[in-house]
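**Student:** Residues per chain, in single letters:
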Amino acid sequence: MKVLIIEDEPALRASIQEYLEHQGYICELAADFPQAIDKVNEFDYDCIVADIGLPKGNGLDVVKELKLLESRAGIIIISAKDSLEDKLSGLELGADDYLTKPFHLSELNARINAILRRKNFDGNTTVNFSEITIKPASKTVLVHNKPITLTGKEYQLLLYFIANQHRVVTKSALAGHLWGDEYDQAGSYDFIYTHIKNLRKKMLEAGGEDYIKTVYGTGYRFG
Amino acid sequence: MKLLTKTTLYFLLIMLPVFTAGAFYLYAKFNTEIKYETDEELVNDKLQWMRYLDTASVNNPVFSIKTPEFNLHPTTNPVQSKHNLKGVNIYQEPENTYAPFRQLTQVIRVNNKNYELVLRKSLIEKDDLVNNIIHVMLVAFGGLLLFVLLSNWLISKSVWKPFYRSLDKIQQLQLNKLESIVFEHTATLEFNRLNTALSAMTTRIHGDYTSMKELTEDAAHEMQTPLAIAQSKLELLLQDDTLSETQQNSILAGYDELQRLSRLNHNLLLLAKIENQQYPVTEQPDLCTVVEKYLLLFEELIKEKELHIHKEITATAPWPLHPALTDILVSNLLGNAIKYNYPQGNISIRLTSDTFTISNTSHLPEIPANVLFQRFKKHNNGYTNSNGLGLAIVKKMADSYHFHLTYYYTNGQHTFKITL
Numbered sequence: 001m002k003v004l005i006i007e008d009e010p011a012l013r014a015s016i017q018e019y020l021e022h023q024g025y026i027c028e029l030a031a032d033f034p035q036a037i038d039k040v041n042e043f044d045y046d047c048i049v050a051d052i053g054l055p056k057g058n059g060l061d062v063v064k065e066l067k068l069l070e071s072r073a074g075i076i077i078i079s080a081k082d083s084l085e086d087k088l089s090g091l092e093l094g095a096d097d098y099l100t101k102p103f104h105l106s107e108l109n110a111r112i113n114a115i116l117r118r119k120n121f122d123g124n125t126t127v128n129f130s131e132i133t134i135k136p137a138s139k140t141v142l143v144h145n146k147p148i149t150l151t152g153k154e155y156q157l158l159l160y161f162i163a164n165q166h167r168v169v170t171k172s173a174l175a176g177h178l179w180g181d182e183y184d185q186a187g188s189y190d191f192i193y194t195h196i197k198n199l200r201k202k203m204l205e206a207g208g209e210d211y212i213k214t215v216y217g218t219g220y221r222f223g
Numbered sequence: 001m002k003l004l005t006k007t008t009l010y011f012l013l014i015m016l017p018v019f020t021a022g023a024f025y026l027y028a029k030f031n032t033e034i035k036y037e038t039d040e041e042l043v044n045d046k047l048q049w050m051r052y053l054d055t056a057s058v059n060n061p062v063f064s065i066k067t068p069e070f071n072l073h074p075t076t077n078p079v080q081s082k083h084n085l086k087g088v089n090i091y092q093e094p095e096n097t098y099a100p101f102r103q104l105t106q107v108i109r110v111n112n113k114n115y116e117l118v119l120r121k122s123l124i125e126k127d128d129l130v131n132n133i134i135h136v137m138l139v140a141f142g143g144l145l146l147f148v149l150l151s152n153w154l155i156s157k158s159v160w161k162p163f164y165r166s167l168d169k170i171q172q173l174q175l176n177k178l179e180s181i182v183f184e185h186t187a188t189l190e191f192n193r194l195n196t197a198l199s200a201m202t203t204r205i206h207g208d209y210t211s212m213k214e215l216t217e218d219a220a221h222e223m224q225t226p227l228a229i230a231q232s233k234l235e236l237l238l239q240d241d242t243l244s245e246t247q248q249n250s251i252l253a254g255y256d257e258l259q260r261l262s263r264l265n266h267n268l269l270l271l272a273k274i275e276n277q278q279y280p281v282t283e284q285p286d287l288c289t290v291v292e293k294y295l296l297l298f299e300e301l302i303k304e305k306e307l308h309i310h311k312e313i314t315a316t317a318p319w320p321l322h323p324a325l326t327d328i329l330v331s332n333l334l335g336n337a338i339k340y341n342y343p344q345g346n347i348s349i350r351l352t353s354d355t356f357t358i359s360n361t362s363h364l365p366e367i368p369a370n371v372l373f374q375r376f377k378k379h380n381n382g383y384t385n386s387n388g389l390g391l392a393i394v395k396k397m398a399d400s401y402h403f404h405l406t407y408y409y410t411n412g413q414h415t416f417k418i419t420l
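Protein chains in written order, with UniProt numbering: chain S, 1 to 223; chain P, 1 to 420.
Treat the hints as calculated values from the structure; they're not laboratory data. It is possible that part of the hints are untrue.
[As the list claims (entries may be wrong)] Each computed DSS-like pair below joins lysine-lysine, with the alpha-carbon atoms no more than 25 Å apart: (1) P:K303 / P:K293; (2) S:K197 / P:K303; (3) S:K119 / S:K135; (4) P:K213 / S:K87; (5) S:K81 / P:K233; (6) S:K197 / S:K153; (7) P:K293 / S:K153; (8) S:K67 / S:K56; (9) P:K396 / P:K293; (10) P:K396 / S:K81; (11) S:K87 / P:K293; (12) S:K146 / S:K197; (13) P:K303 / S:K202; (14) P:K86 / P:K29; (15) P:K213 / S:K56; (16) S:K153 / P:K303; (17) P:K213 / P:K396; (18) S:K2 / S:K64; (19) P:K303 / S:K201; (20) S:K81 / P:K213; (21) S:K139 / P:K293; (22) S:K197 / S:K135; (23) S:K171 / P:K293; (24) S:K202 / S:K146; (25) S:K202 / S:K171; (26) S:K39 / S:K64; (27) S:K67 / S:K119; (28) S:K2 / P:K233; (29) P:K303 / S:K171; (30) P:K66 / P:K121; (31) S:K139 / S:K171; (32) P:K233 / S:K213; (33) P:K395 / S:K81; (34) P:K161 / P:K2; (35) S:K213 / S:K146; (36) P:K233 / S:K171; (37) P:K121 / P:K82; (38) S:K202 / S:K213.
Excised from the complex, chain P in its bound form (with noise of 0.2 Å):
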């Protein structure tokens, strides 16, 4: 929910109490008014009343008047010199209902004679009254509802928009673009805060990315050299005429773990660098393209293992990474296939232009899920040229990437498969 939808809810939330409370005050207000302008119009009509009866008292006649409105009858009871005044509700026949009234009564002597006068006035524009004020309210309500919510989308417009355009930087913000980011200044002190604040995490993001990065080539950097050294000496050591068939075998030993070594150390710098998302996508390398080169490269593997590849690749795959891990992708998992396949064993390859799934036979058990991507495991025995890093890789790679990696086993068929 937008927070300008939020807080227009909780604005109209805390209106409607008060509109009701409003509508009650209002219409007590009026209630009491009324009354009190009902009360003064029936003492009015009394004066003139009690004046005309005076008057017309000539041939002393006994009045018995009743009317709803107007009711005059002797009585017993003492005069009163106050009237007294209360509502009350009197039945209407016409509209089988009770209707309030005010009422006046009071005990007054004419000619000698003991009388009871009430009077009385409708209240019946009480009702209209109650309409009246509901009515105003739900207009005044129906106005401010319209009026919030056409100013909310103008400030939202206007006012949140350094926040959007902030906010959708952040989010398209890429690691190894950090530096080029730059926050606007904006007519919002909360927003201008925000910006610095972003401004100053990006700048410290950067640095450590960078120095991250320039950890990442030292070290590889600090190690290859030793390495291309040792390399070197035994390459030229091997030379030699003299050596015995034993000395040689140790020599070549250590250079091919030297060689493994390397690779290794150039394995752990690539999941670094994956990680560090240090390789952009700016072009979208056909995958099928890579898939035959692959093919191709691991040709000879493939015939002297005799084994049978089944494809199932559409014309065109073009997929959204950098061009050095579409390779490393396909080689790894192609690699993996042949490496651990039995002789006349089968592969088959399928590529969509959103999935890549790539099966093979295997004598290997299936791979339990704890393991199966973690480094320098290593799910075979006996296949020496292996670092356990190949899916680890490819597992970063789906990662820092956003691709799902799913494994299963069927069959004795082990499966890989990528879902962009």
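One chain only, chain S, in its complex shape (with noise of 0.2 Å):
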């Protein structure tokens, strides 16, 4: 999978690297608007992570020659405006999602990897990990082929630990995956346990391993 990452600031375009390539990523960088421009009509990419605030030009134009393309690309726009109509015009061009600076890394992993199940297989694929089978289109999940009934949060929750396998994901990273940004009103994190624990219960039931490994006072790790 190749995703374009279009980002001004060297250190977040980096980061961003960093943690794709680690999940399996083939990443391409632009740090400008006529680098990002040339690449796009070069390359065809999975998905493209575009900043709206560019150096000589604006990511959202980005959104626009890729409509001109008719690239099948998805398209994330990261923008450190918490703007409300930079975020419609964004989506109306044709953007699949939206992200405010500053955001959790597994998130943004997460959501590009929500886009391309989408994308590329029109929601008609199996998300694999070992002995777990999920099948997006009916939110079904098999373990050993045999189905679990998971609740919604647990269900977005595995996703998520899937699409992050292998890396520490933070506790706030995922309530703010499963609740929205609202989370941080009412104040604590400590309810995610539970669901977390009742999610390894399910899968361990049906004969699944322990892939969830609680680190430390940090978050979860999968995998």
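Hints in hand, dock the two standalone chains.
**Tutor:** Right, here's the structure in full:
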């Protein structure tokens, strides 16, 4: 899977690249608007991560260019501006998702994953991890080919873990993914533990291995 | 009071003494004129009488005639060469009043005898005169009043129209729509000056507003990017398997603090945006839906604390507030009600079409009114996951969009009430 990262901040660009490459993506980089336009014209990408504020241009114009090229690439806009208009115009232009800086790398990765699942296989695919098979179209989960019943939150957790397999995922990233940005209004992340406990229990009961490792007080690692 | 009503009133107030003075002047003028005319007639009568008396003196009688109008009787006073004119009041028997008369007196000589001739003429028309003058003046004043009112009404309909149009425009002014305001050209110099000044002012305000808005967004951009970099570096660092538990915890602490900083930044920008009225009211989102949405979102937290929720919610409650703001309003208040509650406590939510009340039990004491909505005032010790901006944001929303936010504390219940 090829991903183009369009971001003018070298340090952030490198972070995204490092995280995504570790998850098995091939990453290409563009540091400004002309570079981005060149790259999207020259190569095909599965997904494009584009910052809105770019030197010599605007990330939204990259989206326009992609639509002109009738590209099938998934597009995620990242922006430091938490501006509703930017978000709406980005999505109207044909972007698939919008993330506001700062974001969790695991969240960006999960969203790229979700877009690719939807785009490339029109949803008719399975996500596999050892004995676990997920059919996103029907939202069913099989362990050793036997279906298990998960709640919505448990299902989302499992997808998130598999997308970010072998990485440490923090509790705040999980909470943000499952409950949106308002979760911090109410205070604690402790309730995440309940969902993880239940997910772990259901998978163990179905004969699966225990892939969810608690990493000290930090978060969790899957696989 | 309308400007026109005011000027009309002043006009009438000034006209009243003018008319009174006019009436007096007219009265005095007519009075003198009548006196003069009467005197002329009296002199004329005198000449007639003297001519008559000269011819009627054949039999040499002694005249002694006494009527109110004509009086001739002998006297020993010396003959006067000039008559004497004056005004007198004579008693009128039938009416039992005194009536004004002009009186001519002269001692004349008829048949070698001295007589005193007294001629009088009634000035009784003078009363009528006063009445007439008052009458005329009243009619004129009434007519003027009517005319002034009518013309004012017409003037306000036509001449003041551009003024009222400009006024309406300013009243409906919204900061984010300033540039679209055009004040038309009128036929009145003053209104044109006013409109030019207003145009210049709105342009200037719009410029300031735009630059402030840009600053807000630039500030967000400038701060969020370094935050994003730092956060991503720490997240990558966390992936290192060789880290000790202490090292990992230190990184996580830094990571969490960065997120707090980012939330703080986000909330400060939100405050500025609300103050700038950058959330126009374009629709009326249903607050019921929003409340239900957040009850669902916070479901886990509510269950975990075993809180009892009492709901009293109307079927629909469309509130004139930007959807982003209704979300923030409900999540801030409901979030606080959960966060500062004790296990197995209560939350009651009451929503009508124009009030939204949320109360919760808490171990925290009553919040002093003077610090209630202050920024960074934390009313809670031991709750680190708070940036002290939640209530300030709700308050700012209330101020900027003109609804009332009240707080009261009764029987251990903290209550926030919003009234449209």
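**Student:** All hints, please: hold or fail.
**Tutor:** So, going through the hints one by one against the coordinates:
1. P:K303 / P:K293: Given pair K303 of chain P, K293 of chain P holds - Cα atoms ~16 Å apart, limit 25 Å.
2. S:K197 / P:K303: holds (16 Å)
3. S:K119 / S:K135: Holds, because 15 Å separates the two Cα atoms, which is no more than 25 Å.
4. P:K213 / S:K87: Holds. K213 of chain P to K87 of chain S sits at ~17 Å (cutoff 25 Å).
5. S:K81 / P:K233: holds (21 Å)
6. S:K197 / S:K153: Holds, at about 12 Å.
7. P:K293 / S:K153: Holds. K293 of chain P to K153 of chain S sits at ~16 Å (cutoff 25 Å).
8. S:K67 / S:K56: holds (20 Å)
9. P:K396 / P:K293: Satisfied, since the Cα-Cα distance of roughly 23 Å is no more than 25 Å.
10. P:K396 / S:K81: This hinted pair holds, its Cα atoms lying about 21 Å apart.
11. S:K87 / P:K293: holds (21 Å)
12. S:K146 / S:K197: holds (20 Å)
13. P:K303 / S:K202: Roughly 21 Å separates the two Cα atoms, so the pair holds.
14. P:K86 / P:K29: holds (18 Å)
15. P:K213 / S:K56: holds (22 Å)
16. S:K153 / P:K303: holds (15 Å)
17. P:K213 / P:K396: holds (17 Å)
18. S:K2 / S:K64: Distance of about 20 Å is within 25 Å: holds.
19. P:K303 / S:K201: Roughly 20 Å between the alpha carbons, so the hint for K303 of chain P and K201 of chain S holds.
20. S:K81 / P:K213: Holds, at about 12 Å.
21. S:K139 / P:K293: holds (23 Å)
22. S:K197 / S:K135: At roughly 22 Å apart (the allowed maximum being 25 Å), K135 of chain S and K197 of chain S satisfy the hint.
23. S:K171 / P:K293: Holds: K171 of chain S and K293 of chain P sit about 23 Å apart, inside 25 Å.
24. S:K202 / S:K146: Satisfied, since the Cα-Cα distance of roughly 12 Å is no more than 25 Å.
25. S:K202 / S:K171: holds (21 Å)
26. S:K39 / S:K64: holds (14 Å)
27. S:K67 / S:K119: Given that 25 Å is the threshold and the Cα spacing comes to 15 Å, the pair holds.
28. S:K2 / P:K233: holds (23 Å)
29. P:K303 / S:K171: Distance ~19 Å between K303 of chain P and K171 of chain S Cα, so the pair holds.
30. P:K66 / P:K121: holds (14 Å)
31. S:K139 / S:K171: holds (24 Å)
32. P:K233 / S:K213: holds (22 Å)
33. P:K395 / S:K81: holds (24 Å)
34. P:K161 / P:K2: holds (13 Å)
35. S:K213 / S:K146: At roughly 23 Å apart (the allowed maximum being 25 Å), K146 of chain S and K213 of chain S satisfy the hint.
36. P:K233 / S:K171: The hint holds at about 17 Å.
37. P:K121 / P:K82: holds (19 Å)
38. S:K202 / S:K213: holds (15 Å)
Consistency note: the structure conflicts with none of the earlier hints.
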